[in-house]
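Combine both chains into one complex, guided by the hints.
If you're matching them up, the sequences are chains A and B in order. According to my numbering, the residues represented by the first sequence are 1 to 209, in order. According to my numbering, the residues represented by the second sequence are 1 to 435, in order.
Please keep in mind that the hints were generated in silico from the structure rather than gathered at the bench. Take the hints with a grain of salt, since some may be wrong.
Okay, derived cross-link-like pairs now, EDC-like style, lysine to aspartate or glutamate, Cα gap no bigger than 16 Å in a straight line [what the hints assert, rightly or not]:
hint, chain 1, residue 1, chain 2, residue 2
1, B, K182, A, D194
2, B, K224, B, D202
3, B, K403, A, D194
4, B, K258, B, D237
5, A, K171, A, D124
6, B, K403, B, E422
7, B, K182, A, D124
8, B, K48, B, E123
9, B, K179, A, D146
10, B, K285, B, D322
11, B, K110, B, E158
12, B, K258, B, D322
13, B, K110, B, D89
14, B, K179, A, E95
15, B, K403, A, E95
16, B, K110, B, E123
17, B, K179, B, D399
18, B, K145, B, E118
19, B, K224, A, D146
20, B, K258, B, E324
21, B, K179, A, E191
22, B, K403, A, E185
23, B, K48, B, E118
24, B, K285, B, E324
25, A, K90, B, E225
26, B, K403, A, E191
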Amino acid sequence: MGKAEKGRIVGAILLMAVVGLSSLGCSKIPVVGKWFGKSEEPTPSIYPTESTLPPPPDVVKADKPGEVVPVPMEGVVEPAPDDLGIPEAKPMRMEPQQTVSELQTVFFAFDSSELDEAARATLDGNYQWLSEHPGIHVLIEGHCDDRGTVEYNLNLGQRRADSVREFLIQKGLDPSTLHTISYGEERPLVEGSDEESWAMNRRVQFLVY
Amino acid sequence: MTRCSLFPWMLLCLLIPAVSAFPQEQHTITIKPTSFVATIAIPDFAPKNGSQTISPGAFSGVIYRDLEISGFFRRPRNQEFVNDTHRSDKRDGKINFPEWNRLSCSFVLKGIYNLTPEGLTAECLLYDVKTGQRVFGKAFSGYTKKIQRRLAHEISDEIVRYVTHEPGIASTRIVFIGKRGKSKELFIMDADGHGQTPLTSDGNLAATPSWGYESSEIYYTSYKEYNPDLWVLRLSDGKRGVISSYPGFNLSPAWCEKTRRIALTLSKDGNSEIYTMDPRGKNLKRLTFNRAIDSSPSWSPEGNRMVFTSDRSGSPQIYLMDSEGLNVRRITRQGSYNDSSVWSPRGDKIAFVSRQGGFFHIFLMGVQGGGWIQLTSGQGNNEDPGWAPDGHHIVFTSDRTGKPQIYIMLEDGTDQRQLTFEQSNQSPAWSPFLN
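The following block holds chain B by itself, in its conformation from the complex (with noise of 0.2 Å):
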């Protein structure tokens, strides 16, 4: 089999043991993490003659983390031997495919830069050790010294579709709540946790962003003006608005690119509700009609179809109903406590929170309820999933270090990884593609 070919096997052996998962029996389980990953060789980037230098790990070390992150590679053990072995293939004038494989790397990365006062562009070429052959080469520009990083995260992305013909990941954000002093401000940050950047300054409290139309807005409740209303924020300016402002709360919005809709939920008719309403509060259309608590939707990947929370039963339940609020169905029949269920970009899986033993959970299900997989366990309580938009990552709450802070993770529940370390940080949502 070729390389190109083997990838695609890998990620079914990822996905295998999900699906083997989901039988009509709801027993939990864990599932084993997939055992294929590929080491990856960087060598520092170089400067091209008469570039500005940057500093000598800036992209290898960028990307390392990101292939990491992806689960489809790990970076060799040794960076000395990396750059060693990358300066002899400069002596000799070729690739030492037999050397990198000695150092068991079954690909090579070798980039140069160039930073001048017009910007910031690179030059990769990615190897297959094992067949001698180039994979891609590729240039890169737009950036400047600046945004680096950015940079850095582009050519993340494109060793992860060519090689794996997945989407990367490397290049997207994630909006969250963090509590600084006594409030609670929106705030931003790349993927792999870098540039945490506050996007509010209100010293009040917020909650339960979303992102937004075209990625370019985030939705998120505030309590600014003295009430709990649905806010805008939009990314390239900053400029914010209320989109909703009934009494009682508005909170934790839901957007569906498809329908151009977002899903919330209200308590101005006497107790919380499930609504939808255009990206400006108009056409406000009611779908939930009940004395229980309804909350927390979450729309499927067509837009057809939501799973939301109700107390209806007695105890916080996850339901399935359509977007018009028809066909209301509950899909949870375990645990006396399940909540806040994010639909996969995939369509195919539910992740939500089950109070297990006296600590919230993240578990796996499929779309009809069956099939549960535990994602987290041990101390603390785990909450607030989101999934990337590749359908591979989890983003989700912890307060296993004490307090609650933002960690991703695997689908399978491996390689969990804390992003926040300041104070607390919660309530996070990841962006879709922004490339």
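In isolation and in its complexed conformation, chain A is listed as follows (with noise of 0.2 Å):
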């Protein structure tokens, strides 16, 4: 056999080990036929179950299924404060108990959380109600249309609110009975969708406790 002719078999033996490597790899289907007689073993539930998973940090530990049981804040790093917004109040935590009706709803134009003239007027008023009643505590709630996506309408419902609990501060009202709420698109005044349901659900509304 000549030298050309065994570096030409050489070659051949060396390409079909690397096909032959090659489809090893691609081949992950495993031998026809073992399958049968040999007993798998149990396919473990795909959903997690209590004891095939590892308990999660801090369990929350409830003596009924569904009670809620708040985690302490403790350890909590609070970042420290900046001027770029007055703080909320503390949540009351309850359901406000009533309208008043000389506590009137403010209107906002689409996608803006700015008070205009109406607005400021109707505030005016409320703040008159306000001071006349120091000590009550007001639940303001910010809302939007339903037009823009669920989150940033929840943020511009609390810019809405904080707008109003901003205007209601710098007049003189007391900042710990100014509570706020955005529920967003969440709960519309009005259903619709055309410019005057959209209209009358950019609002901001008040409630007492």
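If you want it as structure tokens, here you go:
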């Protein structure tokens, strides 16, 4: 056998080895027929169960299923206070009792939390009543129309409520009695997808505790 | 080319249009779907001798649908022909590959099940028609009649994995917010829309759910305690607790399994900012510091970066920053309203929402913001995109039928399927792989 022929045979063998190895890597299928008679271990349930999971950090211990156990906030690292806005008042954690006819709703332009003249006039009236009833806690609810994403509208509703709260604080009301909440587009006053309905939903309304 | 090496190429065909649409110029284009889909025949599963019976299409129906959703398979036109051919196979004691080929089937899956008081098991054989080879044989056990669908989903995932070398999503689940009457509750369903079950019944408002720690718990915002607080619900037993109850809102949690931290939006410091915390609300770290709205964070798969929405430029746009809040960069440069960005689990693209022509639509873009591809079009608003763990499917909300409902689609915008039909449903979050 000549050198060239030998070389070609070696080359062919190498090529076959390479192809063989690469097709080996490609083949992920089990050897056919082997599964018969070989009992597989039971497939573990694909949905996590208590026994297969390590416990999550700080397991919330409750006595009854569904019971609410608030996690204490110790150990929270508070960022340094800054002057980028007036901090929120502590939430009241209860259902506000009622509406008061003297505390009127203010409305907003699309995608805006600015108080226009009409809004300021309304809020002046609201301030009057509130200053005559010191110590009453108020819930200022911010709402949006349903255009825009759910999260953005929750933000916008909060901005509207904050805008109104800031206005009332500047007029002299006690910040700790003015609570805000945003419902975004979640609690429309009016169901409808037209200009009129949208305008009615872009609002801040007042409730008292 | 052998069958097993064909599918990676087919996958490439799916991806190439997307990849080539990421030049540095940013024009909006729509991609055409891939045309390579294999027909798989699944005769109705038969009961083993002595087994109790289940309805004939119980397995084939679920597996067909899972495989169609995967985007890689279609079912034959006529299931009667499939069952007839299977019966003649049994009569002849062999697989009539030419007959299956005549029905244009590339694969045949044959299965039997055994339902006894001890439980439900199944055995399957998958055949490649062109080569006349058995591709795999597998036994499945550990199920009961009640969770028969889960067994079918496991079979579907095995088929997708063996044939395409891609993981299947048939066993994954989606949590979402369902409006029932005046309240909005947390719900869960399978990825095929089946088994929609409420997880809460608080008669209040719930929002922005996210899958959490090892997929065993869900983080979500609830107004149950008269403030939008961040709650945790443990899936195994429904136990719940409050993680974060700062004044203002505690919203849009995003869990990162790599860093084991939740990114979320808090407004306690005067306006909406992004923070991270551990799964029980401790070790809070603030990431954004400006007067604008900063919200809706989404982690990169490695956990070292995030995309989020900020209106610091005057309108909502998508920004990129690292997970310490540094190196903030704006990445959307067109459109007046871009929001709800979510990072693909494959790390290579961002799905997000952009308002175009008065309606919200879902788009894809590269991580640096280049090469927009529009996935939804027409009437209605399409929002809340979320990625399936395979990085090939997207779940989203659309109100094209009048009320918001949950849809899934392939990442090229094709095969849009409505999964919910009752009242209204939104804010979906797709689980990681659960098996």
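Are the Cα atoms of K145 (chain B) and E118 (chain B) separated by 16 Å or less? Given that 16 Å is the threshold and the Cα spacing comes to 10 Å, the pair holds.
Given the hint that K403 (chain B) pairs with E95 (chain A), does the C-alpha gap stay at or below 16 Å? 29 Å, violated
Please work out if K179 (chain B) and E95 (chain A) have their alpha carbons no farther apart than 16 Å. Roughly 21 Å separates the two Cα atoms, so the pair is violated.
Between K182 (chain B) and D124 (chain A), does the CA-CA distance stay at or below 16 Å? 33 Å, violated
CA of K258 (chain B) to CA of D237 (chain B), is that 16 Å or under? 25 Å, violated
Within a Cα-Cα threshold of 16 Å, do K403 (chain B) and E422 (chain B) meet the stated pairing? With Cα atoms ~9 Å apart, K403 (chain B) and E422 (chain B) stay inside 16 Å; holds.
For the pair supplied as a hint, K224 (chain B) and D202 (chain B), confirm whether the alpha-carbon distance does not exceed 16 Å. 7 Å, holds
Within a Cα-Cα threshold of 16 Å, do K285 (chain B) and E324 (chain B) meet the stated pairing? 9 Å, holds
Do the alpha carbons of K258 (chain B) and E324 (chain B) lie within 16 Å of each other, as the hint requires? Holds: K258 (chain B) and E324 (chain B) sit about 15 Å apart, inside 16 Å.
16 Å Cα cutoff - pair K403 (chain B), E185 (chain A): 14 Å, holds
Hint check: K179 (chain B) vs D399 (chain B), CA-CA at most 16 Å. Holds or violated? 14 Å, holds
Under the criterion that the straight-line Cα-Cα distance not exceed 16 Å, is the pair K182 (chain B), D194 (chain A) satisfied? 21 Å, violated
Checked against the numbered hints above, the structure breaks hints 1, 4, 7, 14, 15 and 19 and satisfies the rest.
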